[in-house]
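*Asks:* Keeping the supplied structure of chain A fixed, place chains B and C upon it in accordance with the hints.
The chain contents come next:
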Amino acid sequence: MSKDTTNTKALQPKQPLLHIVRRADLAWWKSWLFRIGAFVISCIVCLIIINSVTGAGASDVWKALVKSFIGSSTSVGEAIKTIQFWAVIRETLLLLGIALALVPAFKMRFWNIGARGQFFAGALTTAIVMKFLTPYMSTGMLFVTMIVGSVLAGALWGVIPAIFKAKWNTNETLFTLMMNYIMVQIVAYCSIIWAAREGAPGMGVINKLGSEFYMKGWFATDIMSGVFSDKNDMIMVFIVVALAAFMWVYMNRTKRGYEISVVGESENTARYAGINVKSVIIRTMLLSGAICGLIGFMMVSGYAHTVSVDTEGMRGFTAIIVTWLGKFKVGYMALVSLLLSLLSAGTSQLATSIGLKETLADVLVGIVLFFIIGSEFFVNYKIKFRRKEGTK
Amino acid sequence: MDYIISAITTIFSTSFVTMAITKGISLLYGALGEMMTEKAGNMNLGIPGIMYMGAVGGIFGAYMYENNWSSSFSPFLAILVALAFCLLFSMLGGLIYSFLTITLKANQNVTGLALTTFGTGFANFLGGSLAKLSGNDGLAVVVRKTGKAFKTTLPFYEPMANSNSGFLKTVGEVLFSYGFLTYVCIALAIGLAFVFNRTRWGLNLRAVGENPGAADAAGVNVNAYKYIATMAGSAVAGIGGMYFVMERISGVWQNNALGDTGWLAVALVIFALWRPGRAIWGSLLFGGLCVLGTCMNVPDQTKEIVRMLPYIMTVLVLVVTSLRKRREDQPPQSLGLSYFREER
Amino acid sequence: MSDNTAIKLVNISKSFGSVKANYKINLEVRKGEILSLLGENGSGKTTLMNMISGIYFPDEGSIYVDGQEVCIRSPRDAFDLGIGMIHQHFKLVDVLTAAQNIVLGLKGKAVLDEKSIENKIADLCAKYGFELEPHKKIYDMSVSEKQTVEIVKMLYRGANILILDEPTAVLTPQEADRLFEVLRNMRNDGKAIIIITHKLNEVLSVSDRVSILRKGENVGTIDTANATEMTLTEMMVGKKVELDIARPEPKGDIKRVEVKNLTCLNKYGYKALDDVSFDVWGGEILGIAGVAGSGQKELLEAIAGLQPVQEGSIVYFDPEKDNQPSQLVGKTPREIKELGVHLSFVPEDRLGMGLVGSMGMSDNMMLRSYRQGKSAFTDRRSPKALAEDIKERLEVVTPGISTPVRKLSGGNVQKVLVGREIAAAPTVLMTAYAVRGLDINTSYTIYHLLNEQKEKGVAVVFVGEDLDVLLGLADRILVLCDGQVTGIVDARNTTKEAIGLMMTKQNNEITEKGGEAEHE
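Residue numbers (my numbering), protein chains in the order written: chain A, 1 to 392; chain B, 1 to 344; chain C, 1 to 520.
Simulated from the structure, these hints should not be mistaken for laboratory data. For glycine and all other residues, C-beta sits at the position ideal for the given N, C-alpha and C. Any given hint could turn out to be false.
[As the list claims (entries may be wrong)] Straight-line alpha carbon distances no greater than 16 Å define the calculated EDC-like cross-link-like pairs of lysine to aspartate or glutamate that follow:
#1 A:382 to A:25
#2 C:321 to C:338
#3 A:382 to C:59
#4 B:325 to C:94
[What the hints assert, rightly or not] Anything over 10 Å on all C-beta distances counts as not near chain C; from chain A, calculated:
#5 40
#6 133
#7 167
#8 168
#9 186
#10 242
#11 262
#12 272
#13 275
[Unchecked claim] Derived list of chain C stretches under chain B, where covered just means 3 residues or more per stretch with a C-beta under 8 Å from a C-beta of chain B:
#14 93-102
#15 109-119
#16 466-475
Isolated chain A (complex conformation):
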């Protein structure tokens, strides 16, 4: 019975309304038209949501966005201005830094979603070094120890899943995901034992030494003030820009980067070319983890001066999105990071007026991401509308 009905359905010479085919090629400007179009639509959706929630119109939102970036030019003055500006820049740098770390892994088609854990490994190590070795070391020495320690810790956390992937083909997505939460618990543990022993109020603050510690943790301000006019954030810019340059060269100009691209494309080709796939996997994840660790160091020593389970702020996951949407290209990734940070800061600014802070930002960022993620479909595929040709 049911067979008959489907039979007649298939017998109808009607063609499907839509038909999807893969695009052979698309001019670059067209693909950007799709992406920008998606972004614009998502912004309109966001505006509607903001308007219905806060009553703010488009011009208010624009003002808030501008304000979030360059600060208010009227009331509070220069100080706020710079703080706002640097807050956005800092966020961009952190996102971009982690996203850069993910590039080699993703390019190898190794789904390292463990940036969160690797970041924390570096952050925690930095905090431990700060806390316990400060009295015994010069600032320079301390600085070197923190970097080395955090890089090693991040690399270690990244390489464990890689070893299992290389040797026994253990699913790396699931493994790195679990490693995140193991590390989060370690951080939770450490932040409790060390905060409690010092009798610090609240959980997770290791910043016993206060401002003095702050200076010793980072470049001492008295040395650097002349150069960077007291902006620690400027050093972050240098680190991340150097990292970006390094990553570009590494991926595009070195033998190792070439090997990564080959392995990601086809393991068979890699074996044919005499590449030791296992060692490439392990080596690449050492690098990926190490850079995540370095960003963790940057966050703790340059800005947070403490570590707690909230330090990472889900940037490890957001960075995955950045890397993917940025198509592993440094410039695009920087653009996406900036966009997300700006969006986040802008909506936070808006939401503060109604007392809802980051949560609305997450909603709006999510919506924008959905649209941009979805727009890739139209770049890669073409929808053909079909009409029955008049054969009779």
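*Replies:* Using the frame of chain A, we list chains B and C on its own:
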């Protein structure tokens, strides 16, 4: 040594068991939901976000019902309204994920993570707004009445709890002191095990997750299966989120109420090797480990270490199964990949 | 249109990007006949059949089943019309059992009634003489068992139009004969059967009519009774095959590679190579013939260091070091290279192994040589120059040397690959199906390149599928069957039939005769 003795005595206390079960069941809901979508080859890392959406949906429905929509409180209606909003919200999350990954063939990990960001933000935003409305300094939303309705026990629990026999009391406490959703969850797990293994749907669904090309060639509508599994899975996971706030914390919403429940649920799927039956006892184990520290009255840091154990065990399971290479224990083969029939 | 027509295709066209896979094809299959769809690799046979079975959707044209125009949007639609296709790469779910795969996607009671399913399978098996264990998991099955599952799956669905894509490529001769027996039974039942093949003997022995595709177009349909191998070949390749391949006399007399008692396991743990011994000499082309999957791939990969060796030895005699022997077994490709062995290898899977599809010509040039030099950085200038050079010399049609090679046509891809391998100045050059899917002109370019290498004293190993080419190009031909060497013959003094026999191992005496034809 002291810890071990203390742990053992704790494990045999009824309060520990009941706490472990309620925690475990919320994980089980999430894990079953994730399992359904993963069986269809969709690695949904948006499940934590979807659980948040379901939880806040339940709270929203209950709050509206308790405060705005009715003068007299009917527990049955309260449950219905809460459940309706829970399903609405969580399936909205599932729809977003499905549309992006199945129809638009977007990367599953990226979409899932974006959905988790969105879902968590959405829940905290809505929850925060409600908290403001309710005047609790914007800190919490309380829907105690609905929470209580959800915790309505089976009729024979009362007599057992009031009986003089210590044995009956304990049995009643351990097995029957929970709301109906607890039993629904166990039944769901058993039902899913049956569906996966013995029915045509289950067979087709597994084929879609393992080898969509083969399923397609055999006449299975791959996209329909993916959509339905993902949407249904989201609904189930959403109920898990609501269960957590209604049953476990008795109808109170706070910012980030669920913590890492969603990620634990994802871990549980791996731990259970994609089998609903194993997930039942796995959920008890995970639930137990999560609450062990709290019940043992040990220092906070020890609790954190105990809470690490579920993840470590999951990693061990992952490693051991990849070493043993038993085909039946592996993740669905096309997990994480989108399907396009005309791919060459 | 006669009542007897089971399925009819009218003006079917399909393109993939710029490649016209099918162009205005007309085809008709009658009930109760076996139609062979003959064509070279890449002639569009599989694409056409995929449109009937709902995998692809045609760009243009119409399909009629039982005289009515139909629209096949999915495999489900195809089943409902009684069309079943057995794909070359089986569409089976590994972790499920045979019975589960057979009922996959069917409508029926929600709860599977395993007993009645198994009974029905048993009935079908008994009717056609299959052997099938319904509870066996697919991953435990041999290739022919999997094929049986696929056929039973289609019969279980009551398919009236059955399409088989190169069904014998992976079968032993006995298995193939059994399959043909089954097909004849089904034809007598009134089913319409299409087999895709490029083997002439199969066409002649099993089919009633034969349609020939060439470069995506149907060049004609004839009754098998009126066909001979010659006429079919003519239609298939477009003109009378006068394989006018130049064959200079081999001049080298230096042993370059000696393979002794080589045994390898394939990925399923079966012997892919069984006690294989032979020599390759400098300045000759050694052809390797055999049914697909007889161990050709494993043999080349073992020499290249890509395939683990169970037993035996592969010795290379280095011309630069006074023909000093060195053992290759147990070494990685990299170690072999570092040993100073100039080994070039054109693998069968061009884009999946020999080249990186997403990279341009220039970056692909580096694939085998990027490690040269101590610098951590890649040398980008010489690959670029090499790419330009190859583009120029071999007339590679590409928008530019940085265009991803995936976007090039098959022939141009092969030119890039062969060009690179030859540019490495090899002493041993191994090629697997070097001309598969290429047009005649490109094929001749490749033959010419190989001969050039031979004249330079390179030891060339040429794995081929077209016996005419092997006979015209090679100096000696080694025949593999089931992983064993069934003969090594002088290509100048042998016949197609003799090699065909060795490929199917039907005459053991030939093995010994072949032994005499060893290089003196």
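*Asks:* Could you work out which earlier hints the structure fails to respect and list their numbers in ascending sequence?
*Replies:* Structure breaks hints 11, 12, 13, 16.
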